[in-house]
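Take the sequences, apply the hints, and build the full model.
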Amino acid sequence: MAVLAPPASVRTSVLTDIGHVWWRETLTIVRDPFSLIFSLLQPLVFLGLFGPLLAGLAGDGALFGGSSLQWFLPGVVVMITMFGTSMTGANLQFEIMTGAFERILATPLSRASLMIGRALKELTPLVVQAAIITLVAIPFGFVLHPLHVVVGLLILGVFGVGVGALSYALAIAARKSEWIFWAVQQALLFPLLILSGMMLPLETGPGWMQVVSRFNPLTYVVDAERVLFAGSFDDVRILWGLVAALVTAAIGLWVGIRSIRRATM
Amino acid sequence: MIHTESLARTFRVGKETVEAVRGIDLDVAEGELVAFLGPNGAGKSTTLRMLTSLLPPTSGSATVAGVDVVANPAEVRRRIGYIGQKDGAGHNYRVRDELLMQGRFYGMSRAEAAESGEELLRTLDLEALRMRKVSSLSGGQKRRLDIALGLIHAPGLLFLDEPSTGMDPQNRANLWDHIMRIREQRGTTIVLTTHYLDEADAMAERVVIIDHGRIIADDTAETLKAKQAGDRLTVVVRPDQAAAARALFGAEGSDLEERPDDDGVALSVRVDAASHAMPGVLARLRDAGLDVVAAAARRPTLDDVFLNLTGRSLREGES
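Protein sequence lines correspond, in order, to chains F and X. The first sequence begins at 1 in this note's numbering and counts up by one. The second sequence begins at 1001 in this note's numbering and counts up by one.
Treat the hints as calculated values from the structure; they're not laboratory data. Ideal Cβ positions, reconstructed from N, Cα and C, are used throughout, including at glycine. Just so you know, not all the hints are guaranteed correct.
[Said to hold, decoys possible] Derived CB-CB ranges, DEER-like:
(1) F/262 - X/1294: 53 to 61 Å
(2) X/1130 - F/16: 20 to 28 Å
(3) F/13 - X/1059: 32 to 40 Å
[What the hints assert, rightly or not] Under the rule of at most 27 Å between Cα atoms (straight-line distance), these lysine-lysine pairs were calculated in the DSS-like manner:
(4) X/1133 - F/176
(5) X/1142 - X/1086
(6) F/176 - X/1086
(7) F/176 - X/1142
(8) F/176 - X/1227
(9) X/1086 - X/1133
Next comes the structure, spelled out in structure tokens:
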């Protein structure tokens, strides 16, 4: 029966599949680059409007271990990662409704590549965003450690794939009504952000918040990014951040693949 | 190309178990054009989704293009083309980009995908639209693009789920011209679902009627109509002659039916080759002193076949 195999269609590896899915998603930016400009402005707004408030609040004291900018900038980078990757499912939901999702499911692409490729697309602008805010922050006293920042972005990438896969699964679960996706995404996103100490330090908060934050994987990622952006490799918090990112990615992909297999739309 | 044994699928809806497909045995040979016909909810699409490996069967087995759908779904997907009910092309993309990416998804090189894509754009009259955004295409153009996406890797077997639903008659005819031309060029085996009777009748060489998750008939449209329904001959007579006509005309065929008509009473019977039988029947009725006001010979439709098999009309289900 081998005769039946069409000559044009050949087996592909998961990495190739991820590349194809990523590029298809990225094409929407390539064909319409203006959509990127707003997402580039967003972190600058946070840095420009939030940073000075923090500096005033703490008087650049011991709370931030020196410079508030050095403390706050990695938080902004994690935040834009969370904003971007948690919306992975939004584009997907649109394609579930129009039908493109089903067409792509009918191709031989591996199921994991469908999620990883989409999450990586949300992470792509992040590299540019991180570069811009870092460069902008340097004149204001931010000290750049390029190698540490690259390692930090890699950990964030792994974490972002997990968040993207969970967002993907949420879109499939909420495929019948669009508002549920947004309701759940918003309801989870902000508590996770605040309870990770990303925007404001939790050290001054009540004890229960500090306890809850220990169960939030994002806390460990934020801690690791702060250590890395401060220019240190010699800290166990980096390892914990990596573990939190890997666990999030593993759970996200497991949940995501299950929901694709179970999706009977 | 396709071989299934007792293929079945149930869904859980709340606490109830719904048997969407209840054991389908089907064989489709290379080069066939088969239509699954049945009302909405009959199990046509569920069957198609199992054959395309998008939905795992609850029980039974299916071999598609030489590959088991449960054991190796990815290999099945590699060998077939699938065109779903909704728009396959992403609305935010350009026509050409979607075609190229689709080719890449099937492991084609950029050059192969580009070549195949350009050929399909030409064949399907989409050349002028290649740089357009999908969301700006008309319904008919989107459907033709879906066909191109399903054929980019030149599959030997193509599945179409309700390909022409919601299209106007002109666009439907145009779509079918394209599908038939591609089939002629490539010898593609085609399996489609439809709830349009005339479409199944005119296009498919083999009609598989599905109802309540089972195949209730499977043959050419002509044979189904001849076996399951047969021609009908109708005459209209004045009310005062109805009793005499009932006896005489009723003996000309079988299954006498009667309904009121503006000119009196319409009587109809099932006869073989109704248009050939009509002159003789009319002559005998006149010789017996009956005045026939109007007469008609009617070929059966697939709806008559469905009605005869299930006691329901397929048209009732349409909104």
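Evaluation of the provided hints:
{"no.": "1", "hint": "F/262 - X/1294: 53 to 61 Å", "verdict": "holds (59 Å)"}
{"no.": "2", "hint": "X/1130 - F/16: 20 to 28 Å", "verdict": "holds (25 Å)"}
{"no.": "3", "hint": "F/13 - X/1059: 32 to 40 Å", "verdict": "holds (33 Å)"}
{"no.": "4", "hint": "X/1133 - F/176", "verdict": "holds (26 Å)"}
{"no.": "5", "hint": "X/1142 - X/1086", "verdict": "holds (10 Å)"}
{"no.": "6", "hint": "F/176 - X/1086", "verdict": "holds (15 Å)"}
{"no.": "7", "hint": "F/176 - X/1142", "verdict": "holds (23 Å)"}
{"no.": "8", "hint": "F/176 - X/1227", "verdict": "violated (44 Å)"}
{"no.": "9", "hint": "X/1086 - X/1133", "verdict": "holds (17 Å)"}
In this structure, the one hint that does not hold is number 8.
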